[in-house]
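So you can see what is in the structure, the chains are spelled out below.
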Amino acid sequence: DAKTTQPNSMESNEEEPVHLPCNHSTISGTDYIHWYRQLPSQGPEYVIHGLTSNVNNRMASLAIAEDRKSSTLILHRATLRDAAVYYCILTNTGNQFYFGTGTSLTVIP
Amino acid sequence: DAGVIQSPRHEVTEMGQEVTLRCKPISGHDYLFWYRQTMMRGLELLIYFNNNVPIDDSGMPEDRFSAKMPNASFSTLKIQPSEPRDSAVYFCASSLRWFYEQYFGPGTRLTVT
Numbered sequence: 001d002a003k004t005t006q007p008n009s010m011e012s013n014e015e016e017p018v019h020l021p022c023n024h025s026t027i028s029g030t031d032y033i034h035w036y037r038q039l040p041s042q043g044p045e046y047v048i049h050g051l052t053s054n055v056n057n058r059m060a061s062l063a064i065a066e067d068r069k070s071s072t073l074i075l076h077r078a079t080l081r082d083a084a085v086y087y088c089i090l091t092n093t094g095n096q097f098y099f100g101t102g103t104s105l106t107v108i109p
Numbered sequence: 001d002a003g004v005i006q007s008p009r010h011e012v013t014e015m016g017q018e019v020t021l022r023c024k025p026i027s028g029h030d031y032l033f034w035y036r037q038t039m040m041r042g043l044e045l046l047i048y049f050n051n052n053v054p055i056d057d058s059g060m061p062e063d064r065f066s067a068k069m070p071n072a073s074f075s076t077l078k079i080q081p082s083e084p085r086d087s088a089v090y091f092c093a094s095s096l097r098w099f100y101e102q103y104f105g106p107g108t109r110l111t112v113t
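Residue numbers (this note's numbering), protein chains in the order written: chain P, 1 to 109; chain F, 1 to 113.
For the record, the hints were derived by calculation from the structure and aren't laboratory data.
Since the model is a prediction, treat every value here as computed from it, not as a measurement.
It cannot be assumed that every hint is accurate.
[What the hints assert, rightly or not] Below 30 Å or equal to it, Euclidean Cα-Cα: the simulated DSS-like pairs (lysine-lysine) are:
| hint | chain 1 | residue 1 | chain 2 | residue 2 |
| --- | --- | --- | --- | --- |
| 1 | P | 69 | P | 3 |
| 2 | F | 78 | P | 3 |
| 3 | F | 78 | F | 68 |
| 4 | F | 78 | F | 24 |
| 5 | F | 24 | F | 68 |
| 6 | F | 68 | P | 3 |
This is chain P alone, in the form it adopts within the complex (with noise of 0.2 Å):
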């Protein structure tokens, strides 16, 4: 199985913006990108995936190296209710989703 490493943690102050990184140098080229987060006592939730290009949503933005070795989670402005693990995933027709162990990401009020 294709394999991410994160930082165990992560600080941030409210209302700054937040990178989370994510290096997957193992990924094949049929490898999808996917962050999911997981609030306290709550199931994952999707935040956001990609191929090779840089995405963007309503909650985040996805920032994707031309290598596509590594991948960076962008918040734009934290808020105390962003607070949760971050799970950089890669996963393609072959390979389970392997959530690893994820980023604690603090907000700072």
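Please build the complex by placing chain F on the supplied structure of chain P, with the hints as guidance.
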């Protein structure tokens, strides 16, 4: 739609007992996933179904675990006999297609004493 529905939300049982967890996916979704989450191992995929057919059960820990999807609106995960190490939160998720976002249920917190 009400989202993915799981029942029960909490289950406490004694070692050796049979446990059945239930899931109702979002209507129209072709894929259904069962996950287990523990502090030690994080979130693990146990099994997933496509159009009610089990596709990959390589994540199922052992023969004590079984999953079924008799129709498009219902799935069960059964543990028989249960053991204390099965204590975890079990999530069910569904998605429209393989690459599409998965919608997770609220989870079932299982405690085996």
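Comparing the hints with the structure gives:
no., hint, in the structure
1, P:69 with P:3, "holds, 11 Å"
2, F:78 with P:3, "holds, 29 Å"
3, F:78 with F:68, "holds, 8 Å"
4, F:78 with F:24, "holds, 15 Å"
5, F:24 with F:68, "holds, 12 Å"
6, F:68 with P:3, "holds, 28 Å"
Against the hints set out earlier in the document, no violation occurs for any number.
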